[in-house]
Amino acid sequence: MDKPEKGEPADVQMSDSEGKSGKQPVTACLLSAAFFGALGSSFIYGYNLSVVNAPALYIKAFYNKTWIERYGQPIAAETSTLLWSITVSIFAIGGLLGALCVPVIIKVLGRKGTLLLNNGFAIIAALLLSLGETAKSFEMLIIGRFIIGVDSGIALSALPMYVGEITPRHIRGSIGQFNSILICLGVFTGQVLGLPELLGEESRWIYLFSFLAVPAVLQLCVLPFLPESPRYLLMERRDEAAAEKAFQRFLGKKDVSQELEEVHAEARTQDNLHAASVLQLLRSPAVRWQLITIIVTMACYQLCGLNAIWYYTSGILREAGFAENIIPYITLSTGAIETLAAIVSGLVIERIGRKPLLIFGFSAMAFFFSLLTVFLNFQDSMPWIPYLSYVCILAVIASFCSGPGGIPFVLTGELFEQSYRPAAFMIAGTVNWLSNFAVGLLFPFIQEKLESFAFLVFVVVCILGSIYLYIVLPETKNKTFIDISQSFAKINKIPVPTPAQEMELVLHITPNKNGKTQDIIKMESSF
1 MDKPEKGEPA DVQMSDSEGK SGKQPVTACL LSAAFFGALG SSFIYGYNLS VVNAPALYIK
61 AFYNKTWIER YGQPIAAETS TLLWSITVSI FAIGGLLGAL CVPVIIKVLG RKGTLLLNNG
121 FAIIAALLLS LGETAKSFEM LIIGRFIIGV DSGIALSALP MYVGEITPRH IRGSIGQFNS
181 ILICLGVFTG QVLGLPELLG EESRWIYLFS FLAVPAVLQL CVLPFLPESP RYLLMERRDE
241 AAAEKAFQRF LGKKDVSQEL EEVHAEARTQ DNLHAASVLQ LLRSPAVRWQ LITIIVTMAC
301 YQLCGLNAIW YYTSGILREA GFAENIIPYI TLSTGAIETL AAIVSGLVIE RIGRKPLLIF
361 GFSAMAFFFS LLTVFLNFQD SMPWIPYLSY VCILAVIASF CSGPGGIPFV LTGELFEQSY
421 RPAAFMIAGT VNWLSNFAVG LLFPFIQEKL ESFAFLVFVV VCILGSIYLY IVLPETKNKT
481 FIDISQSFAK INKIPVPTPA QEMELVLHIT PNKNGKTQDI IKMESSF
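Counted from 1, the sequence shown has number 190 at position 190 by the numbering used here; the numbering is strictly sequential.
Treat the hints with care, as some may be off.
[Claimed, not checked] Subject to a maximum C-alpha distance of 27 Å in a straight line, what follows is the list of computed DSSO-like cross-link-like pairs (lysine-lysine):
{"no.": "1", "residue 1": "K253", "residue 2": "K355"}
{"no.": "2", "residue 1": "K245", "residue 2": "K479"}
{"no.": "3", "residue 1": "K490", "residue 2": "K479"}
{"no.": "4", "residue 1": "K479", "residue 2": "K107"}
{"no.": "5", "residue 1": "K245", "residue 2": "K107"}
{"no.": "6", "residue 1": "K355", "residue 2": "K245"}
{"no.": "7", "residue 1": "K60", "residue 2": "K136"}
{"no.": "8", "residue 1": "K254", "residue 2": "K493"}
{"no.": "9", "residue 1": "K355", "residue 2": "K493"}
{"no.": "10", "residue 1": "K493", "residue 2": "K479"}
{"no.": "11", "residue 1": "K253", "residue 2": "K479"}
{"no.": "12", "residue 1": "K479", "residue 2": "K355"}
Bear in mind the hints are in silico, worked out from the structure with no lab data behind them.
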């Protein structure tokens, strides 16, 4: 790749100070890609976490009415419970299938193409969920929940991969937190729209599901006009011209030689530029501890107990003496706290770092879960104790969103180089959805046996997660993907290349298929 000649216009060239600093202002193109990418992906996932709560009674009534029309008798209690359980839990099963499909779809369509295809799943799901009542088919609701689960499984892998690859390293964490912020905003939107004054009424509940199509259509209107990941274009499609144009649009500058050279440098360190399979990832000693770290972090993300918090929220508010009809409005504070904490995390992540925020988040959750356990056991002793319990719930939610709620997805993109990234996201997604399903399946039994001491299980998970991250995880902020891989070299027992070996790689010349030589570009000052 040639640098601009001396005779070229000044606006094509980049000053030395600008190039070395690497800190250009955030462009509208980059913000649009992050926001609209997350709107049609993370937002839909978050929305589906909360949207079924408000119309639960109406959906069960619809199941019963349909059953009577078909079979001439009311639905049995056990059958009703089974159908509702399937409706709720099949979302996680769809998510698991979506995560498993990501490497194949990514390989064929690329990062942006996968996100665009995924909007089709969201629109199909919205139609099935909205028209199920009209068609008198509860099967359509169950299938719709499954398909929107597939959409979410694909989104939680493809979006962090896309955003992580298009963002300069000095703001990779902040832009990556769009994923977490839009998840929280989706949860909050589901809570708000589910209020009785809006769509949480028997005559309007189907429109809660119709709304799913809105963010998908908005993404379809914007994302096609934004570039594909330049790393994907250069390293997997071998299209340097397209990669250069993509970098120029995302970074807002003409001279992107430094960024292209960084990608070439990463390519030189990899044995295989094609996407590695899951088996290759599992067998590779060079990424063994990165993989273990992602598995541990993703498992803690789901097993830390946030999902279980919702079982107690309404009950604690009733104990505090709040009227039943105002409890839905008070619980809006949980969604608001989630969103606010995620925004604050995005603002400070590049100053504080990933590792401190993760450890702080899990540690704070362990502390407030412990306090919550104490307060729950003394719930009836003092009239003001339930208020403290609710404060602990808000503190747990804020602690989760300060780090553990979004950083695991950022880390999955950062800890792996290009060829391993799709397989790594598939494994991370699998752990995520299996853990999600396990919590939904096991927590009711844990709660039944341990009652108010059930949260101590999550205290243990949070403490163990914090200890592991403190010992193993290196800080990744403002580091290239090569630097991050070398941070794991010692623990993986992989020798770090010497400067002489690196220079040999820089000057290495290999023949291509046509028998001609291909000179891999020299990295000037990076070594």
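Comparing the hints with the structure gives:
Restraint check: the Cα-Cα separation between K253 and K355 comes to about 32 Å, which exceeds 27 Å; the hinted pair is violated. A C-alpha spacing of about 23 Å is found between K245 and K479, which places the hinted pair at or below 27 Å, so the restraint holds. The hinted pair formed by K490 and K479 meets the criterion: a straight-line CA distance of about 17 Å does not exceed 27 Å. Taking the CA atoms of K479 and K107, the gap is about 26 Å. The hint holds against a cut of 27 Å.
Taken as a hint, the K245 and K107 pair is honoured in the structure, with Cα atoms around 21 Å apart against an allowance of 27 Å. Of the pairs offered as hints, the one joining K355 and K245 is violated, with about 34 Å between alpha carbons and a cut-off of 27 Å exceeded. The hinted pair formed by K60 and K136 meets the criterion: a straight-line CA distance of about 13 Å does not exceed 27 Å. Of the pairs offered as hints, the one joining K254 and K493 is violated, with about 40 Å between alpha carbons and a cut-off of 27 Å exceeded.
At most 27 Å may separate the alpha-carbon atoms for a hinted pair to count; K355 and K493 meet this at roughly 22 Å. Simply put, K493 and K479 have alpha-carbon atoms about 21 Å apart, close enough for the 27 Å limit, and the pair holds. A hinted pair counts as satisfied when its Cα atoms are at most 27 Å apart, and K253 with K479 qualifies at roughly 21 Å. Among the hinted pairs, K479 with K355 is consistent with the structure: their alpha-carbon atoms are about 13 Å apart, no more than 27 Å.
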